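Here are the chains, one letter per residue:
2 protein chains.
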Amino acid sequence: MRKKELVIGIDIGGTNTKVGIVDRNAKIYLHFDFPTRSEKPAEDLFKRIFDKIEQEKSELPENGVLMGVGVGAPNGNYFSGKIENPPNLKWTSVDVVGLIQKYFDLPGVLTNDANAAALGEMQFGAAQGMKNFIEITLGTGLGSGIVVNGQLVYGHDGFAGEMGHVIVIKGGRLCGCGRRGCLETYASASGLRRTVFEILAEENQPSSLREIPYEDLTSKMVYDAAVQGDAVALEAFDFTGRVLGEALADAVAYFSPEAIILFGGLAAAGDFIFVPTKNYMEKNLLPIFRNKVKILSSGLPESDAAILGSAALIWNELDQGKV
Amino acid sequence: MRKKELVIGIDIGGTNTKVGIVDRNAKIYLHFDFPTRSEKPAEDLFKRIFDKIEQEKSELPENGVLMGVGVGAPNGNYFSGKIENPPNLKWTSVDVVGLIQKYFDLPGVLTNDANAAALGEMQFGAAQGMKNFIEITLGTGLGSGIVVNGQLVYGHDGFAGEMGHVIVIKGGRLCGCGRRGCLETYASASGLRRTVFEILAEENQPSSLREIPYEDLTSKMVYDAAVQGDAVALEAFDFTGRVLGEALADAVAYFSPEAIILFGGLAAAGDFIFVPTKNYMEKNLLPIFRNKVKILSSGLPESDAAILGSAALIWNELDQGKV
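Here the protein sequences come in this chain order: X and R.
If you use my numbering, the first sequence corresponds to residues 1390 to 1712, in order.
If you use my numbering, the second sequence corresponds to residues 1390 to 1712, in order.
With the rest of the complex left out, here is chain X:
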């Protein structure tokens, strides 16, 4: 019987860690969720994942062969194979590739979650066949994975692609990184919330959003208000799209991508975010780039995207003979 090549895709998040066993066609055979529990050593998490896979192995195709493990994690560094000082996790430094070797005895590779999403998009989603594109994850923050000549941009030290920390408004909003005016303080779920509160403070329109405390306001609520025609919600989406569109115009000057792909919670707002983003980008583009760059929604199912991205990461390495 011809062997069936499979990989393990792991996405480590602040609260939950998702694990899947995936083939080359994005078919997920096994799918587990674990609480990350970063108050314990990372070794505990890897041991739980390993034990669970061992236990469920009989569910895999009979001819299945595990080829490698791909991991996406906040601050995951491709070159060192380590997670260093991750935001939202209590670990300081985790040798992920070392732990993969110890527990699975398989080739392992690590990158950050946004880069993994870009590789997933290229292998299984909206960027299939593209050599130059930018994947933007609009979650609590803004992550980006940038592909040039068919390869991820890791830069000299593995930390490239930090588009969320490009400064778009000098002296603007305070960012988690300690600086002011970073793109992610505007174009993200938390940025949208800040924008709503700014508009509520500056303008006088009645709005259902005036009833909701800051800590409770989600981008879904802003979306629901926009659907009802709430003026504050609509203005907040327009402003978010403007800041993002202007930043994308600059990104196009650097990369001249075929497409920019928006992914994550805020992208689910559909036209409310895509239309102003596209319009303000076009308005600000250097003439030679106008009407050339597509803005697309992700072709990955949101629930499995992180696992598929991590799986794409290891497939990519295996195919290039790098691991």
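Among the clues, some could well be false.
Note: identical chains are not told apart, hence a pair may lie in one copy or across any two.
To be verified - Below, computed lysine-lysine pairings styled on BS3-like, alpha-carbon distance capped at 27 Å: (1) K1429 x K1416; (2) K1436 x K1446; (3) K1559 x K1672; (4) K1491 x K1446.
Hints listed in this document are in silico derivations from the structure and should not be mistaken for laboratory results.
None of these values were measured; they are calculated from a predicted model.
Based on these hints, arrange chain R on the given structure of chain X.
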């Protein structure tokens, strides 16, 4: 006798076109300058270059073999092999690779002048051995050539690397591209002149620069004034370095380069431009990038850099078997 491989490097400028015959070690065997004369068809220029090389061929090493032709030109497109609507040239569209084949019967390759400079730097200059760096040409405008994973970033259509047209001050100075606030309206020889005039208008310090009409003011004059301690000249360099340094901090977030290399007329101002640029960049960097990214002067001799860049372009293609 073992053959000696040589290439022709051509740099087409608004006024003059430089041509050199170059070996793999940056040795230039023949060196010519031609008036570009873009009021005539581009074919006229290529015919003059071809005739001159034919005429002087006996000066080349006896075992010399011409392998190809590399051309750097404003708006030169790597993918199409054409110059399209170049600034400062009267041509609308020139099929450069076609003209090379017609006159020289050799493989030809074209890119813009800033990209050629980056390749020259990688092959012969300060970026030898680097895989990730940004070359910035501070001339009348600001050109950039960006190298990622050892390859030039051309993007989807060959027009990537337009860092001069990243918008750094919204609603700022009018740019030749028709938009406002582009980096090159601040960080370039002409940007420095505009800055001097802005400071002369806003401040009251005595300055030798108050004697000079706008059209006559060169960056060399601003440099000479700075050497004499002229307060306006010093402030103008500091402001230029601030705008450039802030833009570089954003570029580092995208690319995480090993080094940023400054080249061209304004870079000749040495510490007056390098010191503020470095300081403002460091001050604005995301913490993970601090004290990691070198800012270097070009390792290419200014007079031959354009020819060496064009030569590197064709060596690069020949070595990769692309032509």
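Hint-by-hint comparison with the structure:
{"no.": "1", "hint": "K1429 x K1416", "in the structure": "neither (32 Å within a copy, 61 Å between copies)"}
{"no.": "2", "hint": "K1436 x K1446", "in the structure": "within (15 Å within a copy, 71 Å between copies)"}
{"no.": "3", "hint": "K1559 x K1672", "in the structure": "both (21 Å within a copy, 13 Å between copies)"}
{"no.": "4", "hint": "K1491 x K1446", "in the structure": "within (18 Å within a copy, 65 Å between copies)"}
Consistency with the previously given hints fails for number 1 only.
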